[in-house]
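Asks: Residues per chain are reported as follows:
Protein chains: 2
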Amino acid sequence: MDVRTILVEPKSEENIGAVARVLKNFGFSELYLFPSQTIGKKARSVASHAEDVLSACTIVNSIEEAIANSALVVGTTSKPGISIRKHLRMPFFTPRELKEKVQGKQGILSLLFGREDTGLLNEELRLCDIIVHIPTSPDYPVMNLSHAVAVVLYELSDVQVAYGGQPLACVEDKERLFAHVRTFLDEIGYREHKKEKTMLMLRRILGRAELTARELQTLRGILRKAEWKIGKV
Amino acid sequence: MDVRTILVEPKSEENIGAVARVLKNFGFSELYLFPSQTIGKKARSVASHAEDVLSACTIVNSIEEAIANSALVVGTTSKPGISIRKHLRMPFFTPRELKEKVQGKQGILSLLFGREDTGLLNEELRLCDIIVHIPTSPDYPVMNLSHAVAVVLYELSDVQVAYGGQPLACVEDKERLFAHVRTFLDEIGYREHKKEKTMLMLRRILGRAELTARELQTLRGILRKAEWKIGKV
Numbered sequence: 013m014d015v016r017t018i019l020v021e022p023k024s025e026e027n028i029g030a031v032a033r034v035l036k037n038f039g040f041s042e043l044y045l046f047p048s049q050t051i052g053k054k055a056r057s058v059a060s061h062a063e064d065v066l067s068a069c070t071i072v073n074s075i076e077e078a079i080a081n082s083a084l085v086v087g088t089t090s091k092p093g094i095s096i097r098k099h100l101r102m103p104f105f106t107p108r109e110l111k112e113k114v115q116g117k118q119g120i121l122s123l124l125f126g127r128e129d130t131g132l133l134n135e136e137l138r139l140c141d142i143i144v145h146i147p148t149s150p151d152y153p154v155m156n157l158s159h160a161v162a163v164v165l166y167e168l169s170d171v172q173v174a175y176g177g178q179p180l181a182c183v184e185d186k187e188r189l190f191a192h193v194r195t196f197l198d199e200i201g202y203r204e205h206k207k208e209k210t211m212l213m214l215r216r217i218l219g220r221a222e223l224t225a226r227e228l229q230t231l232r233g234i235l236r237k238a239e240w241k242i243g244k245v
Numbered sequence: 013m014d015v016r017t018i019l020v021e022p023k024s025e026e027n028i029g030a031v032a033r034v035l036k037n038f039g040f041s042e043l044y045l046f047p048s049q050t051i052g053k054k055a056r057s058v059a060s061h062a063e064d065v066l067s068a069c070t071i072v073n074s075i076e077e078a079i080a081n082s083a084l085v086v087g088t089t090s091k092p093g094i095s096i097r098k099h100l101r102m103p104f105f106t107p108r109e110l111k112e113k114v115q116g117k118q119g120i121l122s123l124l125f126g127r128e129d130t131g132l133l134n135e136e137l138r139l140c141d142i143i144v145h146i147p148t149s150p151d152y153p154v155m156n157l158s159h160a161v162a163v164v165l166y167e168l169s170d171v172q173v174a175y176g177g178q179p180l181a182c183v184e185d186k187e188r189l190f191a192h193v194r195t196f197l198d199e200i201g202y203r204e205h206k207k208e209k210t211m212l213m214l215r216r217i218l219g220r221a222e223l224t225a226r227e228l229q230t231l232r233g234i235l236r237k238a239e240w241k242i243g244k245v
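If you read the sequences in order, they're chains R and Z. Mapping the first sequence onto the numbering used here, position 197 (from 1) lands on 209, and the numbers just tick up by one. Mapping the second sequence onto the numbering used here, position 164 (from 1) lands on 176, and the numbers just tick up by one.
All the pointers check out, no bait thrown in.
Interface residues of chain R toward chain Z, partial, derived using beta-carbon atoms under 7 angstroms:
hint, residue
1, K36
2, N37
3, H61
4, P147
5, T148
6, M155
7, A162
8, Y166
Quick list of simulated restraints, FRET-style, between CB atoms:
hint, chain 1, residue 1, chain 2, residue 2, range
9, R, R215, Z, A68, 40 to 46 angstroms
10, Z, R236, R, S149, 39 to 45 angstroms
11, Z, P179, R, R215, 40 to 46 angstroms
12, R, S67, Z, H192, 53 to 59 angstroms
13, R, K53, Z, L212, 57 to 63 angstroms
14, R, P179, Z, R138, 23 to 29 angstroms
15, R, D64, Z, K91, 19 to 25 angstroms
16, R, K23, Z, K91, 30 to 36 angstroms
17, Z, I71, R, R232, 44 to 50 angstroms
18, Z, R127, R, L235, 38 to 44 angstroms
Bear in mind the hints are in silico, worked out from the structure with no lab data behind them. We put the beta carbon where it would ideally sit given N, CA and C, even for glycine.
In isolation and in its complexed conformation, chain R is listed as follows (with noise of 0.2 angstroms):
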């Protein structure tokens, strides 16, 4: 879905410019502020490299002209509900419950974020199709506001990691890694009654670690060199 970020009266101008800065993080670019707002310097500068978020915000002057055109409007609270007679704050949604609920939807999602000492009003809630709460401590549930919206943008996120899914190694390689290891241990001279118990060690280590196959070959190369060094290569 297409986010769209919706700050409600913030007072802080340094919350203002670090919700671009999340937004931008994100990579999301749509960022709605309620009332009329003066982004000066602070702002600016809190933003840092995402000026231009904060440059293409729209201003609105109303709720209703915020979620104009929503496909779901989602309202956040530090304040769930605690009664399941009252239906303003619940049934409520974590962040990642958020996430799975929209996946794969399409349209406007606009989420509302209130004030930073009194959060959205009562009336703003009734506006919204689904309540999402950050499980937080109750010694100290109010978060700050744009800490707030880096925890259910980062949920929201799509970015993907470019690098992060290394090629882990195959099942075939790694008997063959495990082979070699025997081999090994009996030119080292290992202990026979100790073999199997420690050759099962080493699958579990390895196999907890989750080795990707260039770290198998390079393990592989480690026994070559010691093989070559005591002379049975």
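Following the hints, put chain Z in place on chain R, whose structure we already have.
Replies: This is chain Z only, laid out in the frame that chain R set:
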């Protein structure tokens, strides 16, 4: 695991305060600072109700001291590796993958966050067992320090949402509701040839909404009230 958040040479006092707040928001308290920092009014003001976390923070004189007794040392970076031939920043994990990796484990998990401008130095990353990178846009991958902490601690937090899990309506109650709706359609003289299609539509709509038991009873109350009004009960 017990999470220790370590800030390495943070330049901005506001960031230190903001990080203290984030820790308390997500139910953490162990904050380490390296090297000695003056924590002044600005930091305390931004920490807000997390001044206790700030006051209790540990000042260390070296990274080694900061990570002492850790079971797992995690280095964060906005510049993940791009070559599988280099091991310093590769392979790396997303915060979610880190969460999955450490779930159910015990010991101290040390999270290292670097300087606002240059991050962690290569020699600091060398001390880390695991590298974590928050998936961000290539247009602007560098997050504000406290926002990066917020995202990682959001993932690692074990805070349970107290009232999030509403008991959903059971299948039997749902079937009773649909039977009730079907009767109601008959009672209001709904066109016979449209009935099945409409029933299916309602089933789909209410299915997607994941009705709670209470909401279902309220819907049946509405139907009963309407039936009473049209003289059918």
